[in-house]
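Engineer: Listed below are the residues making up each chain.
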Amino acid sequence: MTERSRRFRLDPWRWLVLVPAMLLAVPVLMILLSVLDPQWDVWAHLRQTVLWSYISNSLLLAFGVGLGALFIGTGCAWLVSQYHFPGRKYLEWMLLLPLAIPAYIIAYTYTGLLDFAGPVQSQLRIWFDWRYGDYWFPEIRSLGGAIIMLALVLYPYVYMLARTAFREQASSLQEASRTLGLTPRQHFWRVALPLARPAILTGTALAMMEAFADYGTVQYFGVDTFTTGIFRTWFGLNNSLAAAQLAALLTSFVLFLLVLEQWSRRKIRYYHQGQKDTQQPRRTLTAGRKWLVFVLCCLPLLFGFVVPAVQLSLWALATWQVTLDERFMQLVWNSFSLAAMAALISVTLALVFAYARRLKRDWLVLIPVRLAAMGYAIPGTVIAIGVMLPLAFVDQRIDLLAEQWFGVRTGLLFSGTLFALLLAYSVRFLAVSLHSVEAGLHRIRPNMDQAARSLGCSPRQVLWRVHVPLLRGSVLTALLLVFVDVLKELPATLILRPFNFNTLAVRTYELASDERLADASLSALAIVLVGLLPVIILARSMDRH
Amino acid sequence: MLVLEQLAVAYGPHTVVKDISLSLSKGQIGCLVGPSGCGKTTILRAIAGFEPLAGGEISLAQGVVSSQHYHCPPEQRHLGMVFQDFALFPHLTVAENIGFGLQQLSRTEATKRTRELLHLVGLPDLGRRYIHQLSGGQQQRIALARAIAPKPEILLLDEPFSSLDAELRESLARDIRQILKHEEMTAVMVTHDQFEAFTMADLIGVMEHGRMQQWATPYELYHKPINRFVADFIGRGVLLPGEMLDGQQVKTSFGIFAQSYLANLQQGEQVDVLIRPDDIVHDDDSGVTAKVLDKSFRGSHILYTLQLRSGDEVYCLALSHHNHAVGEMIGIRLDLDHMVVYPRIS
Numbered sequence: 050m051t052e053r054s055r056r057f058r059l060d061p062w063r064w065l066v067l068v069p070a071m072l073l074a075v076p077v078l079m080i081l082l083s084v085l086d087p088q089w090d091v092w093a094h095l096r097q098t099v100l101w102s103y104i105s106n107s108l109l110l111a112f113g114v115g116l117g118a119l120f121i122g123t124g125c126a127w128l129v130s131q132y133h134f135p136g137r138k139y140l141e142w143m144l145l146l147p148l149a150i151p152a153y154i155i156a157y158t159y160t161g162l163l164d165f166a167g168p169v170q171s172q173l174r175i176w177f178d179w180r181y182g183d184y185w186f187p188e189i190r191s192l193g194g195a196i197i198m199l200a201l202v203l204y205p206y207v208y209m210l211a212r213t214a215f216r217e218q219a220s221s222l223q224e225a226s227r228t229l230g231l232t233p234r235q236h237f238w239r240v241a242l243p244l245a246r247p248a249i250l251t252g253t254a255l256a257m258m259e260a261f262a263d264y265g266t267v268q269y270f271g272v273d274t275f276t277t278g279i280f281r282t283w284f285g286l287n288n289s290l291a292a293a294q295l296a297a298l299l300t301s302f303v304l305f306l307l308v309l310e311q312w313s314r315r316k317i318r319y320y321h322q323g324q325k326d327t328q329q330p331r332r333t334l335t336a337g338r339k340w341l342v343f344v345l346c347c348l349p350l351l352f353g354f355v356v357p358a359v360q361l362s363l364w365a366l367a368t369w370q371v372t373l374d375e376r377f378m379q380l381v382w383n384s385f386s387l388a389a390m391a392a393l394i395s396v397t398l399a400l401v402f403a404y405a406r407r408l409k410r411d412w413l414v415l416i417p418v419r420l421a422a423m424g425y426a427i428p429g430t431v432i433a434i435g436v437m438l439p440l441a442f443v444d445q446r447i448d449l450l451a452e453q454w455f456g457v458r459t460g461l462l463f464s465g466t467l468f469a470l471l472l473a474y475s476v477r478f479l480a481v482s483l484h485s486v487e488a489g490l491h492r493i494r495p496n497m498d499q500a501a502r503s504l505g506c507s508p509r510q511v512l513w514r515v516h517v518p519l520l521r522g523s524v525l526t527a528l529l530l531v532f533v534d535v536l537k538e539l540p541a542t543l544i545l546r547p548f549n550f551n552t553l554a555v556r557t558y559e560l561a562s563d564e565r566l567a568d569a570s571l572s573a574l575a576i577v578l579v580g581l582l583p584v585i586i587l588a589r590s591m592d593r594h
Numbered sequence: 002m003l004v005l006e007q008l009a010v011a012y013g014p015h016t017v018v019k020d021i022s023l024s025l026s027k028g029q030i031g032c033l034v035g036p037s038g039c040g041k042t043t044i045l046r047a048i049a050g051f052e053p054l055a056g057g058e059i060s061l062a063q064g065v066v067s068s069q070h071y072h073c074p075p076e077q078r079h080l081g082m083v084f085q086d087f088a089l090f091p092h093l094t095v096a097e098n099i100g101f102g103l104q105q106l107s108r109t110e111a112t113k114r115t116r117e118l119l120h121l122v123g124l125p126d127l128g129r130r131y132i133h134q135l136s137g138g139q140q141q142r143i144a145l146a147r148a149i150a151p152k153p154e155i156l157l158l159d160e161p162f163s164s165l166d167a168e169l170r171e172s173l174a175r176d177i178r179q180i181l182k183h184e185e186m187t188a189v190m191v192t193h194d195q196f197e198a199f200t201m202a203d204l205i206g207v208m209e210h211g212r213m214q215q216w217a218t219p220y221e222l223y224h225k226p227i228n229r230f231v232a233d234f235i236g237r238g239v240l241l242p243g244e245m246l247d248g249q250q251v252k253t254s255f256g257i258f259a260q261s262y263l264a265n266l267q268q269g270e271q272v273d274v275l276i277r278p279d280d281i282v283h284d285d286d287s288g289v290t291a292k293v294l295d296k297s298f299r300g301s302h303i304l305y306t307l308q309l310r311s312g313d314e315v316y317c318l319a320l321s322h323h324n325h326a327v328g329e330m331i332g333i334r335l336d337l338d339h340m341v342v343y344p345r346i347s
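Chains A and B, in that order, are what the protein sequence lines are. Here the first sequence is numbered in our numbering, starting from 50 and rising by one per residue. Here the second sequence is numbered in our numbering, starting from 2 and rising by one per residue.
Be aware that one or more of the hints could be misleading.
Capping the alpha-carbon separation at 20 Å, the derived lysine to any residue pairs in SDA-like fashion look like this [stated by the list, open to error]:
{"#": "1", "chain 1": "A", "residue 1": "316", "chain 2": "B", "residue 2": "136"}
{"#": "2", "chain 1": "A", "residue 1": "316", "chain 2": "B", "residue 2": "97"}
{"#": "3", "chain 1": "B", "residue 1": "296", "chain 2": "B", "residue 2": "252"}
{"#": "4", "chain 1": "B", "residue 1": "19", "chain 2": "B", "residue 2": "290"}
{"#": "5", "chain 1": "A", "residue 1": "316", "chain 2": "B", "residue 2": "326"}
{"#": "6", "chain 1": "A", "residue 1": "316", "chain 2": "B", "residue 2": "129"}
{"#": "7", "chain 1": "A", "residue 1": "316", "chain 2": "B", "residue 2": "133"}
{"#": "8", "chain 1": "B", "residue 1": "252", "chain 2": "B", "residue 2": "290"}
{"#": "9", "chain 1": "B", "residue 1": "19", "chain 2": "B", "residue 2": "6"}
{"#": "10", "chain 1": "A", "residue 1": "316", "chain 2": "B", "residue 2": "135"}
Read the hints as simulated data drawn from the structure, not as lab findings.
Excised from the complex, chain A in its bound form (with noise of 0.2 Å):
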């Protein structure tokens, strides 16, 4: 036996580190494999239909939503990072409130006001006197409407990342610009934007994976993209496998941005080499601009947070008195459970992958780890009917064999039941969880454990007197991030809950689709709250930053 193989064979971190990581990996792998078996008649018949559709919408979608997102990302971080007016302090962080939206929430909640029967079509026909067909009024329920439905909750990930962005710039940079000649404005395009750039790709990239991602909106708004195609291609065509296959289509797609994404995240990290951190001060602006530039930041924030939540909670004291029933308990019970045990297995699973990379540092550990954490550039509805395909496949074996040997059948063991959906959950928000542990345990240099050692510690001691301490707070983020993402997902949860298992996220959707939307208002509004922590654990650190 060679020295590798023996290393290999004996050390658990690996086994540790391989059966899960190979497990998370199975679902995207089986969406990759499904395209060896063309379904031929199905993609005949898309092709005739609505592929064309599919891929003109889901492009548009996402391109309109990274431009949106960019636009108004990039603008408020500039003028944010840049300038003295009335509320920057507050501003600063509220426009990053937005993200606390799920974006089908956002979509229903301006239908509702938008609509032909919501209260801004209706005063503007008491205003001027018109009737139905006298005037136009733009229709939300379409594409454009989708993307700055999409753009207004999205744009946080640029504006935070283009923020820092511009705020890591040395003030020694603009002042070197002067002294060669440039203008303060010459500055911010020669200089300021290209050295952000990377960071303002990143942040489009991951908006542009969202959109991509999304099926509340765009089924609600009866747009179709891929992610509406691949649920009427298993639920109207019943056809699985051609689902997998736009399913991977669609994967294509994302893996490009994911691509992208990396790509710039590396030039970040060249970029902020051997500058100092000292801060350029914040300039003046002259009265009339100064409330020109709170305006202009207002706005995002008023569209993409208080109009709806505003709108939200109206609603939701309308009716709370029917709708806060002992179902509506059960909803909240049975969403955070679920998030809950979610949270707990995906944070379980990073300390893992994160402890072995820490103490492997090889390709047997490395290539793993990645593998298992691509989810969170995947969509939910392809992580789902990945988890579907294979364990429908082992639940029928199971069932099989078992009234083959014992006479008894066994029904779904798997695919029906929440290990299902915990399954697709781990995959799609591992890397979430994997982020915030990798980043805490980063903290720790090894010096730290050598110093801890030499004062007398065994491991074991290191490891509660140094480790558990340190690593507290970057658990207990990871921890709130997944329960908090679980809690907004919709598509999966939708494709993989057990028969009659409802969540606060699948209530809203319904609810909203049967335009019921004031019923939908109390749900929708729990989601917004809970989503409310994580972002303002975000403002916390940016303050700190």
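Following the hints, position chain B against chain A.
Structural biologist: Just chain B, lined up with the frame of chain A:
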């Protein structure tokens, strides 16, 4: 070329520098030294145009660029600046960094000037690299090249060597002085390291609490410091107590000396005489002896801390083969060719 007159800068109600006057003619290198927080960097930033003036004025070749009522923006002053953190643009290559300020030139001219500068700073092959691929010393050279590429009238250097290690500092300082002299560049440098200032500067200004204490050549600063602060800040030395016999002579524990510098002292006044380590010569034949309290080996020299009979301590810089043990009595002689005397502050 550069004239500061009665310059004052304030942050809000708080005056940081006040009453600064100095001038440099073309090709001269000036240095501002002083403890941290003395306002030296503020002066540099005021010259560059990053700080408005509360009083006085700054003139460059083109005329007044800063006064209380007028402020020419930095980009129109035509000056170059080398920053403490270099402030190189990480998204551009070395060549693009150097060419950054050459927008007025045609492309071929800019390329030519860039190549010329890469040669001048001794890094002709690094044009295509990115900043993060360079060492600290290389970054420093590129920062200098970028600043002087547009042929500014005056170059400002803000603690340019502070992020480099000691060994590199000295050789770079010498190289950069040569480059500046070659380009006939007028320059102002800020540093807290007097040896850097000695290596680089034609004229040095010593600052304390936002005031210019002395603006003079390195030789003058060392040998004729204008007050106790400058004497203490520049070089090493001790102040030996003495008494004025008349307007011309001082009596110390070393004997009586004629004084030729700083006249207005009264007979009988208590004074302190500045004694540099090189003013005291180790001489085995001398009748005056002192006890070795401490010694520190400096390679070619040994710096002795000696105790005189009177109990006063002085330094003596002796050639290093005069090796004496701590506690030994050695012969010394005072070799003063100019004397610096300050009235005693009681």
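Engineer: The structure should be examined with respect to each hint, and the outcome stated for every one.
Structural biologist: For each hint, the structure was consulted:
1. Among the hinted pairs, residue 316 (chain A) with residue 136 (chain B) is consistent with the structure: their alpha-carbon atoms are about 19 Å apart, no more than 20 Å.
2. For the suggested pair residue 316 (chain A) and residue 97 (chain B), the alpha carbons sit about 18 Å apart, so the restraint of at most 20 Å is met.
3. The hinted pair formed by residue 296 (chain B) and residue 252 (chain B) fails the criterion: a straight-line CA distance of about 28 Å is larger than 20 Å.
4. Proximity of residue 19 (chain B) to residue 290 (chain B) is assessed by CA-CA distance (about 47 Å); at most 20 Å being required, the pair is judged violated.
5. The straight-line distance between the Cα atoms of residue 316 (chain A) and residue 326 (chain B) is roughly 60 Å, outside the 20 Å bound, and the hint therefore fails.
6. Straight-line distance between C-alpha atoms of residue 316 (chain A) and residue 129 (chain B) comes to about 17 Å, which keeps the hinted pair within the 20 Å bound.
7. A hinted pair counts as satisfied when its Cα atoms are at most 20 Å apart, and residue 316 (chain A) with residue 133 (chain B) qualifies at roughly 11 Å.
8. Taking the CA atoms of residue 252 (chain B) and residue 290 (chain B), the gap is near 18 Å; set against the 20 Å cutoff, the hint holds.
9. A distance of roughly 10 Å separates the Cα atoms of residue 19 (chain B) and residue 6 (chain B); the hinted pair therefore holds under the 20 Å criterion.
10. With a C-alpha separation of about 16 Å, the suggested pair residue 316 (chain A) and residue 135 (chain B) falls inside the 20 Å cut-off, and the hint holds.
When held up to the earlier numbered hints, the structure conflicts with 3, 4 and 5 and fits the remainder.
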